[in-house]
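2 protein chains.
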Amino acid sequence: MGTTQLESVPEPKYWHLKTVLNDALDSEFEVGEILPNERDLAARFGVARATLRQALEQLELEGRLQRRRGVGTTVAPPRMGVSVGPSANAWPGAGRDSWETVGCVEAVAPAAIAALLGTGRDQAVHTIRRVRVMRGQPVAAELLYVPPASVPGLPGDLSPAAHAPAVLRELHALELEGEDRAVELGSARADDAKQLDRLPGAPVLVVTSRYYTGGRVAAASVSTYRADTCRLTFGDAGAFEVTHHQQDTRQAS
Amino acid sequence: MGTTQLESVPEPKYWHLKTVLNDALDSEFEVGEILPNERDLAARFGVARATLRQALEQLELEGRLQRRRGVGTTVAPPRMGVSVGPSANAWPGAGRDSWETVGCVEAVAPAAIAALLGTGRDQAVHTIRRVRVMRGQPVAAELLYVPPASVPGLPGDLSPAAHAPAVLRELHALELEGEDRAVELGSARADDAKQLDRLPGAPVLVVTSRYYTGGRVAAASVSTYRADTCRLTFGDAGAFEVTHHQQDTRQAS
DNA sequence: GAGTGGTCTAGACCACCCT
DNA sequence: GGGTGGTCTAGACCACTCC
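Protein chains in written order, with UniProt numbering: chain A, 1 to 253; chain B, 1 to 253.
Do not rely on the hints blindly, as some may be mistaken.
No distinction is drawn between identical chains; accordingly, a pair holds when it is met within one copy or between any pair of copies.
[To be verified] Here are the simulated lysine to any residue pairs, SDA-like style, with alpha carbons at most 25 Å apart:
hint, residue 1, residue 2
1, Lys-13, Ser-83
2, Lys-194, Pro-110
3, Lys-194, Glu-60
4, Lys-194, Arg-67
5, Lys-194, His-163
6, Lys-13, Ala-48
7, Lys-194, Val-20
8, Lys-13, Pro-148
9, Lys-13, Gln-195
10, Lys-194, Pro-12
11, Lys-13, Leu-154
12, Lys-13, Pro-200
13, Lys-194, Pro-10
14, Lys-13, Pro-36
15, Lys-194, Trp-15
16, Lys-13, Leu-176
17, Lys-13, Ala-115
18, Lys-13, Glu-170
19, Lys-13, Ala-193
20, Lys-13, Glu-38
21, Lys-194, Val-131
22, Lys-13, Val-131
23, Lys-13, Leu-174
24, Lys-194, Thr-73
If you are wondering where the hints come from, they were derived from the structure by calculation, not from laboratory data.
Construct the entire structure; sequences and hints are all you get.
Here you go:
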């Protein structure tokens with residue numbers, strides 16, 4: 001029959017649009033520059049606004065664009081390398097790590113956290129809420145869980161303001177023996193989104209950490225990183241110093 | 001004035017829909033069970049199909065659902081814990097790690113990879129394409145780059161079939177001194193998507209690794225993991241053995 | 001061919017930011 | 001108030017899978 005089936009896979013419009021815009025961002029725009037609004041862009045490319053938005057959403061997911069309601073769409077800077085690896089970090093809150101404590105309560109943790117800690121179901125744990133800031137931007141919201149058993153020397157009468165520092169101080173006095181970590185994709189809950197200056201549902205990288213001492217889990221944390229602006233770095237050798245976008249590091253084989 | 005402004009923040013429909021569906025998945029469905037089709041679901045909830053799809057997309061992003069064109073929407077099992085940490089892995093390809101080599105060429109790497117390796121711009125490197133399989137499913141597509149300088153003992157006359165094993169064998173003979181790693185969110189390119197059994201643009205976790213020997217970068221890799229089905233684990237203590245979804249580990253403070 | 005999810009359209013209104 | 005992105009609608013057609 002000899003049916004030549006070249007071009008038999010029509011590329012979706014939004015996909016083609018995305019590559020066109022991606023190339024344009026490289027060649028015709030500077031970081032921080034604002035793009036034309038969505039209605040104009042859609043008209044210029046001859047597509048519906050929803051189709052254009054599909055392309056913009058992907059580019060935002062990949063960290064190429066930043067969109068803010070009421071303001072506009074701007075070209076995003078390269079992602080920040082954020083160290084979450086072992087070594088330098090040591091105990092959470094140690095070192096000058098640009099974390100800000102937002103709140104601290106002693107409450108019963110959800111079942112999944114209790115499983116992480118290996119504590120009983122209904123046991124209260126110290127719960128510290130913190131925000132990580134880099135270059136003036138919030139990059140992560142975290143909940144740090146510390147069972148009372150891990151900080152036996154903690155005074156009983158603590159003002160809310162003194163609570164978190166005291167727990168962290170006691171924690172740092174222990175010897176850190178090891179760390180566990182997991183990363184997965186999630187979407188920002190309303191409270192995290194607010195602290196990350198994003199809308200609810202924004203894509204985030206959820207980092208779950210366990211800190212060991214004496215063969216037991218002394219603390220655990222769940223950190224929610226902005227997926228659009230952050231590249232998480234692990235490893236003893238320190239953060240990458242790469243100035244390229246991840247797309248550039250991938251090619252067909 | 002005393003204007004009570006309760007409920008002044010109307011939740012988007014798709015967001016409310018998402019939580020309703022999420023709860024229903026926990027209580028009324030089993031893993032692997034197929035949901036009603038999108039048109040029926042939309043009608044049942046009294047919303048447009050596009051609105052329902054927005055909710056389904058988020059749930060798929062969070063690993064709760066799996067959708068396949070022409071088939072339907074099913075309830076996804078909990079994400080697989082995939083170890084990408086140091087230690088056990090050692091050199092890429094060492095150990096019984098369920099990687100399958102798909103191809104191998106010697107070609108000039110893109111500029112970003114050359115920067116990662118610290119090699120010259122136009123230098124050819126061994127490029128090995130591999131796929132990682134777990135529980136019968138492809139979970140990652142990888143490109144492993146090895147400069148010829150790292151494998152000086154490599155024979156010159158290699159058949160395509162013998163190329164990749166020979167490069168890996170030479171690599172494993174070196175002493176691995178350290179590893180660097182970074183994780184960021186991306187969307188699957190067409191070629192990766194095909195090997196991951198997903199559509200182009202599907203969300204992926206891109207892991208960029210550098211392997212050191214003799215104080216230099218001996219190899220580098222870019223691995224593309226399915227974000228919907230994988231939870232990446234790091235750490236010396238081995239993979240987490242958590243059976244909960246990440247949503248369950250997060251709560252308001 | 002019937003049924004599924006994926007793409008696309010052309011509109012509308014809303015929430016938010018700025019001036 | 002005017003402009004931006006965010007949400008929502010009610011349709012249509014396409015690509016794919018399975019019977």
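Checked hints:
Taking identical chains as interchangeable, the C-alpha atoms of Lys-13 and Ser-83 are never at most 25 Å apart, the minima being 37 Å within one chain and 37 Å between chains. In this assembly of identical chains, Lys-194 and Pro-110 lie within 25 Å of each other by CA distance solely inside one copy; the values are 22 Å within and 39 Å between copies. Taking the closest pair of Cα atoms, Lys-194 and Glu-60 come within 25 Å of each other both inside a single copy (18 Å) and across two copies (23 Å). Taking the shortest Cα distances, Lys-194 and Arg-67 sit within 25 Å of each other inside one copy (15 Å), while across copies they are farther apart (30 Å).
In this assembly of identical chains, the alpha carbons of Lys-194 and His-163 lie at most 25 Å apart only when taken from the same copy (24 Å versus 52 Å across copies). With identical chains, the CA atoms of Lys-13 and Ala-48 are at most 25 Å apart both within one copy (10 Å) and between copies (22 Å). Within a single copy, Lys-194 and Val-20 get their C-alpha atoms only as close as 32 Å, which misses the 25 Å cut-off; across copies the closest is 22 Å, which meets it. For the identical chains of this complex, Lys-13 and Pro-148 are neighbours neither inside a copy (56 Å) nor across copies (41 Å), given an alpha-carbon limit of 25 Å.
For the homomeric pair Lys-13 and Gln-195, the shortest alpha-carbon distance between copies (22 Å) is at most 25 Å, but the shortest distance inside one copy (35 Å) is not. When the C-alpha separation of Lys-194 and Pro-12 is checked against a cutoff of 25 Å, the pair qualifies only between copies, where the shortest distance is 16 Å, while the shortest distance within a copy is 34 Å. For the identical chains of this complex, Lys-13 and Leu-154 are neighbours neither inside a copy (60 Å) nor across copies (46 Å), given an alpha-carbon limit of 25 Å. Only between protomers do Lys-13 and Pro-200 lie at most 25 Å apart by alpha-carbon distance; the minimum there is 13 Å, versus 27 Å within a single protomer.
Taking CA atoms no more than 25 Å apart as the test, Lys-194 paired with Pro-10 passes between copies only; the shortest distance there is 16 Å, against 40 Å inside one copy. Within a single copy, Lys-13 and Pro-36 get their C-alpha atoms as close as 19 Å, which meets the 25 Å cut-off; across copies the closest is 28 Å, which misses it. In this homomeric assembly, Lys-194 and Trp-15 come within 25 Å of each other (Cα to Cα) only across copies, at 15 Å, whereas the closest approach inside a single copy is 31 Å. In this assembly of identical chains, the alpha carbons of Lys-13 and Leu-176 never lie at most 25 Å apart, being 53 Å within a copy and 46 Å across copies at closest.
Taking the shortest alpha-carbon separations for Lys-13 and Ala-115, neither the intra-copy value of 46 Å nor the inter-copy value of 33 Å comes in at or below 25 Å. Proximity of Lys-13 to Glu-170 under the C-alpha cut-off of 25 Å is found in neither arrangement, the shortest distances being 57 Å within a copy and 45 Å between copies. In this assembly of identical chains, Lys-13 and Ala-193 lie within 25 Å of each other by CA distance solely across copies; the values are 18 Å between and 31 Å within a copy. For the homomeric pair Lys-13 and Glu-38, the shortest alpha-carbon distances inside one copy (16 Å) and between copies (23 Å) are both at most 25 Å.
For the homomeric pair Lys-194 and Val-131, the shortest alpha-carbon distance inside one copy (11 Å) is at most 25 Å, but the shortest distance between copies (38 Å) is not. Neither within a single protomer nor between protomers do Lys-13 and Val-131 lie at most 25 Å apart by alpha-carbon distance, with minima of 39 Å and 29 Å respectively. Taking CA atoms no more than 25 Å apart as the test, Lys-13 paired with Leu-174 passes in neither setting, with 57 Å inside one copy and 48 Å between copies. In the homo-oligomer, the alpha carbons of Lys-194 and Thr-73 lie at most 25 Å apart inside one protomer (19 Å), although the nearest pairing across protomers, at 31 Å, exceeds that limit.
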